[in-house]
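**Q** Make the complex out of the two chains shown on their own, each in a separate frame, by following the hints.
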Amino acid sequence: MEAMNHLPFIVGSYVAAFVIGAGLVSWVMIDYRTQRRALAELELRGLKRRSASVRPERPMTEANEKA
Amino acid sequence: MALADLANPSRFLSLANRVIPWLGGLTVIAFAFGLNLAMGAPDDYQQGATVKIMFLHVPSAWLGMLGWGVMSISALGTLVWRHPLADVAAKAAAPIGAAFTLLCLITGSLWGRPEWGTYWVWDARLTSELVLFLLYLGVIAVWRTVEDPSRAARAAAILTLVGAIDLPIIKFSVDWWNTLHQSASVFRMGGPTIYPTILIPLLVMTLAFTLLFVTLHLAAMRNEILRRRVRTLRLMQASAVS
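Residue numbers (numbering that gives the first Met the number 0), protein chains in the order written: chain A, 0 to 66; chain B, 0 to 241.
Chain B extracted, bound-state conformation (with noise of 0.2 Å):
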């Protein structure tokens, strides 16, 4: 099957019903191989256990941005190439990605309280977060409120083009301002600072975060299908009845 023929909803949803069992198997395992790892991996030296946070807020993080990547390349799709599923995959990835970016937001303020003695600052990086989950607020607002698919479609692939911004400053944030939150230690020039007792269990972790995130988008873009599936049938019953 050509990567093409994918842009076929039917095509589309017989490799989904395929493949979603397999992914969510592999995630199952990822998770237990991680949380495994990440239990028993050794207190840091200056943050004690509180690094155990670590595991699940920075693959929540990455995922946060992760999501936004995703919509954005699907809003060029909307916009430039009208592919048939470039909407979908846009409006299934909003409410996973405001997830993850919520988890981000929650673990990053329980981390900060024993770390930072506070929950919140606005300091660059927690703000600009903060910022990426209103814009992804405001994406599915204008899913929900726009009631002709098509045209919520085009607005929310411009609103997710404009909040793209928002990625390099959540990521650059920290080298631009002095901001409390600490600068890069895993994706950075010159390699991880991370000890790799740490690291391992770390990017495990990162793998099964990355493998829940597309089972959830891979099933919520065959919701998504379905749905409209279902809206036309009614559509159809509702000129048939008039």
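Chain A with its partners taken away, still in its complex shape (with noise of 0.2 Å):
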């Protein structure tokens, strides 16, 4: 009888945990996707941060030195 009496707040406490953990969970993946978009589309337009168009050298020039 009590647990039926107590039941929406044990309900109500799963329920609000369970919103919140998916909440997060979408939030880091939808920003994820959005991140990784939008950094494509930049890349799509020339753009490259200088460290990133000189790491992709070395192995070429390892490569070219075994060669």
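Mixed in with the good hints, there may be bad ones.
[Unchecked claim] SDA-like, lysine to any residue: derived pairs with alpha carbons at most 20 Å apart:
#1 A:Lys47 with B:Gln236
#2 A:Lys47 with B:Val240
#3 A:Lys47 with B:Pro8
#4 B:Lys170 with B:Met64
#5 A:Lys47 with B:Leu225
#6 A:Lys47 with B:Arg187
#7 A:Lys47 with B:Leu234
#8 A:Lys47 with B:Ile224
#9 A:Lys47 with B:Asn35
#10 B:Lys170 with B:Ala237
#11 A:Lys47 with B:Val229
#12 B:Lys170 with B:Phe186
#13 A:Lys47 with B:Thr192
#14 B:Lys170 with B:Thr126
#15 B:Lys170 with B:Gly68
#16 B:Lys170 with B:Ile224
#17 B:Lys170 with B:Phe132
#18 A:Lys47 with B:Ser9
#19 B:Lys170 with B:His180
#20 B:Lys170 with B:Ser127
#21 A:Lys47 with B:Asn7
#22 A:Lys47 with B:Arg233
#23 A:Lys47 with B:Leu232
#24 B:Lys170 with B:Pro191
#25 B:Lys170 with B:Arg187
#26 A:Lys47 with B:Met235
#27 B:Lys170 with B:Leu129
#28 A:Lys47 with B:Thr231
#29 A:Lys47 with B:Thr126
#30 A:Lys47 with B:Arg10
#31 A:Lys47 with B:Arg230
#32 A:Lys47 with A:Arg32
#33 A:Lys47 with A:Thr33
#34 A:Lys47 with B:Arg227
#35 B:Lys170 with B:Asp122
#36 A:Lys47 with B:Ser13
#37 A:Lys47 with B:Ala239
#38 A:Lys47 with A:Gln34
#39 B:Lys170 with B:Ser108
#40 B:Lys170 with B:Ile139
For the record, the hints were derived by calculation from the structure and aren't laboratory data.
**A** Here's what the structure looks like:
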């Protein structure tokens, strides 16, 4: 009987935890996709960070040296 | 890979991309195990079935404080060592910590109504927890209003270190003042006072919540690094146009 009286408080707590947890996970995933898409669009326009444009050269140089 | 190597955002991204899926999987397993134990836990002899709210309330309270602790260490990293990832870590932790503090306040309120007869009282523990939530909102507001990220980082770091005073107040409020909130029953001198049939589900749920926090924090840090790269490229684009 007591458990039935308190059920809305227990269920309400677990629903709140689910909503907040799912909200956090969704926020992180949507933000990740948004940033990845924005970065890809900018790189398509030929924009690259200086450090990003330097880094791929190293493996190629190493490959050339081995060759 | 040495710990210092993680100061390089590219290396951090590479590590985060590898670790996040594993941590996510571990979190799901820990929650499945923890919720199974929590639902099977016996009712408390005084509180009855409402003790099940504790399996959410205590971990969220812990994570609210852990979030601010992470931000405080990061604030030192920003102000003292100027670590490249320190302000990224602090900014990423703020909304997550705020969300868990809000969950702590909601579940505490829903637990308080059947046990104390009220959703809210202005006692030391509840008020200091509400102050923590407001501090989180303040730090998020600083990050959103100050446009220059390095200036925002310094301002947020100072606010974070000042706000860290609230952490011992929350922890010891139940010892320093007469409060409606119960005193410490898990992390206390002399060991926990909770019976193992309730303590074990609580510890497993705390582990699951902590894994969720770590996973979300790493993912949010990864997002923040990408956001800064996007910002840099947009500035480069703007300067090229002008």
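**Q** Next, verify each hint and record whether it holds.
**A** Now the hints, each set against the structure:
no.	hint	result
1	A:Lys47 with B:Gln236	10 Å, holds
2	A:Lys47 with B:Val240	15 Å, holds
3	A:Lys47 with B:Pro8	16 Å, holds
4	B:Lys170 with B:Met64	9 Å, holds
5	A:Lys47 with B:Leu225	13 Å, holds
6	A:Lys47 with B:Arg187	54 Å, violated
7	A:Lys47 with B:Leu234	12 Å, holds
8	A:Lys47 with B:Ile224	15 Å, holds
9	A:Lys47 with B:Asn35	49 Å, violated
10	B:Lys170 with B:Ala237	49 Å, violated
11	A:Lys47 with B:Val229	10 Å, holds
12	B:Lys170 with B:Phe186	10 Å, holds
13	A:Lys47 with B:Thr192	58 Å, violated
14	B:Lys170 with B:Thr126	12 Å, holds
15	B:Lys170 with B:Gly68	13 Å, holds
16	B:Lys170 with B:Ile224	33 Å, violated
17	B:Lys170 with B:Phe132	15 Å, holds
18	A:Lys47 with B:Ser9	14 Å, holds
19	B:Lys170 with B:His180	12 Å, holds
20	B:Lys170 with B:Ser127	9 Å, holds
21	A:Lys47 with B:Asn7	18 Å, holds
22	A:Lys47 with B:Arg233	10 Å, holds
23	A:Lys47 with B:Leu232	7 Å, holds
24	B:Lys170 with B:Pro191	15 Å, holds
25	B:Lys170 with B:Arg187	11 Å, holds
26	A:Lys47 with B:Met235	9 Å, holds
27	B:Lys170 with B:Leu129	13 Å, holds
28	A:Lys47 with B:Thr231	9 Å, holds
29	A:Lys47 with B:Thr126	49 Å, violated
30	A:Lys47 with B:Arg10	18 Å, holds
31	A:Lys47 with B:Arg230	12 Å, holds
32	A:Lys47 with A:Arg32	19 Å, holds
33	A:Lys47 with A:Thr33	18 Å, holds
34	A:Lys47 with B:Arg227	13 Å, holds
35	B:Lys170 with B:Asp122	13 Å, holds
36	A:Lys47 with B:Ser13	18 Å, holds
37	A:Lys47 with B:Ala239	13 Å, holds
38	A:Lys47 with A:Gln34	15 Å, holds
39	B:Lys170 with B:Ser108	18 Å, holds
40	B:Lys170 with B:Ile139	23 Å, violated
The structure fails to meet hints 6, 9, 10, 13, 16, 29, 40 from the earlier list, while all remaining hints are met.
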